[in-house]
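On the provided structure of chain G, position chain X as indicated by the hints.
Chains G and X are the protein sequences, given in the same order. Residues in the first sequence are numbered from 1 upward in steps of one, following the numbering used here. Residues in the second sequence are numbered from 1 upward in steps of one, following the numbering used here.
Be aware that a few hints might be false.
The list treats identical chains as interchangeable, and a pair is accepted whether it falls inside one copy or across any two copies.
Taking lysine-lysine pairs in the PhoX-like style, the calculated list, with each CA pair at most 20 Å apart, reads [stated by the list, open to error]:
no., residue 1, residue 2
1, LYS76, LYS124
2, LYS275, LYS89
3, LYS257, LYS272
4, LYS288, LYS44
Rather than coming from a laboratory, the hints here were simulated on the basis of the structure.
There are 2 protein chains.
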Amino acid sequence: MAHTLVIHGGAGNITPAMMSKEDEQAYTEGLQAALNKGYDILAKGGAAMDAVVAAITVLEDNPIFNAGRGAVFTKKGLNEMDAAVMNGKTLGAGAIAGVRNIKNPIALAREVMDHSGHVFLSGKGASEFALSRGFTQEPDEYFFNKLRYDQWVEIRDSDFYQLDHKADNLKGAPAPNPDHKFGTVGAVACDEQGNLAAGTSTGGMTNKRFGRIGDSPVIGAGTYANNATCAISCTGHGEPFIQSVVAHDISCLLEYKGLSLQEACDIVVKDKLVKIGGEGGVIAVDSKANGLFCFNSAGMYRAMKNSEGIEEVAYYG
Amino acid sequence: MAHTLVIHGGAGNITPAMMSKEDEQAYTEGLQAALNKGYDILAKGGAAMDAVVAAITVLEDNPIFNAGRGAVFTKKGLNEMDAAVMNGKTLGAGAIAGVRNIKNPIALAREVMDHSGHVFLSGKGASEFALSRGFTQEPDEYFFNKLRYDQWVEIRDSDFYQLDHKADNLKGAPAPNPDHKFGTVGAVACDEQGNLAAGTSTGGMTNKRFGRIGDSPVIGAGTYANNATCAISCTGHGEPFIQSVVAHDISCLLEYKGLSLQEACDIVVKDKLVKIGGEGGVIAVDSKANGLFCFNSAGMYRAMKNSEGIEEVAYYG
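The shape of chain G in the complex, shown without the other chains (with noise of 0.2 Å):
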């Protein structure tokens, strides 16, 4: 059998313009690490499920990705996180919203998937399950990013959020302004057994407030799986994800339809998405271990590596 990986760390307005030399290195040698880290897993007939947390803790702790270390800041000046996983077998899934000071969401979202007994917990409740299942918390410090600070420094005194990046300040509508990404770090897998599993990780929206969950916890959202059809972890302007539940929309058109992964995504993330203004992207892939990429932003950081030889790390459109 055939295996595949595929992962993003954000979409939005990535164009050679945007980036300096010294970005396109640190993005790349981050997103080869995380494909490297979770695609081992898979080479050696590991699970998918393995992979995809494997891979999406590299990217939680590189600060330059908004999730685990290098999430953005709340209204409060807080980090605030939110993350999932799902399992296309048992259809299985954990989420967590709303998190503060642990240091892998990804790995506590598994952990509600595997022993709470709920798949969604949040804010203050999830910390505690994390306490009692040995989780160990970081200091407010651990998190402490120059850049991400400074974009909130800008923008706390005023209603606006943003997206990951400075100049595009929003007040409940995308902005106008080019400059901008959405932050968000995922995978998706399928192993030798044919296993697909999804997670995603997200810091948010800087200046955010009010709780405010995205697309990312969101299952059938922003993270979804299933065997008899693909996963799916999704990265733009959740709003409209969640309004559009776009994992499991893709996944019905290849189950309810039979369109390809590439038919399905096409038309939920280019036509679909696009007529209500939502701005992002997916990594997807099928039981046939198809993995790929699908954007309607200018650019979306991605890697994916798989079993025919194919590996690819790459940010623009």
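Relative to the frame of chain G, chain X by itself:
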């Protein structure tokens, strides 16, 4: 054009043996009052969303239903409520999770949709949003209910949680005991203009902890509306409903396979959900104002009224 309102007040093992005459009268009156309030709006040519919110408000204000005033107690002895609305014409949606001291969570979900620039708010942040929009907070005593309190006291020192009835102690798995109900309220409507709306509100499970979020506020799972297909509100054991993306799955069976509303609901509720142990049911209406109930539990508190003269209040299967 025709118009229809369908409401529910929870599902589960609701049988004649479980209900006293007084119970029957209380549920009949409670459902009828909510039905009348919402249907009057439709009959006067009002909007589906207005009818849904009006009907759910009546159910939230009635302590016999596990939502609003009648919300169950968490592990910490609090009342934490979840709610969501979705507008089938615009695909606009609003949801809240883990909110305390708000009299009518469904009104807050609608406020999120209309005025937050977001879709999904949680915890204290959602309460801050409510206060910023002029909502007032009710004291804890408003939500105090002797029955709910006694249910909680009985299991508060355990790791068990309950599905709105004292004998169904769960610990991460459906209860073997047959005496259980899934307390949630919801409404779906089709108005004179053919616009659809859906709403759901709940207090969740007695003795829930860790900030657990069920399916009710998860757009696509417990609540979904789309003029192109249908409006759905669910009630049941939330975790399998999230994993199955129940409401959106029914919509996709209409959109992509051309099934009737009845066929789609039967497949999802009586086959797919049963296979993963998901007990409960849905209420549904399509854009031709066909309304229906569908459940795999012994009963569901439910009512429907439409412009064809149908008016029904029922509980048993």
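Taking the hints in turn, this is what the structure says about them:
no.	hint	in the structure
1	LYS76 / LYS124	both (16 Å within a copy, 12 Å between copies)
2	LYS275 / LYS89	between (33 Å within a copy, 14 Å between copies)
3	LYS257 / LYS272	both (16 Å within a copy, 18 Å between copies)
4	LYS288 / LYS44	within (18 Å within a copy, 54 Å between copies)
Violated hints for the displayed structure: none, as all numbered hints are satisfied.
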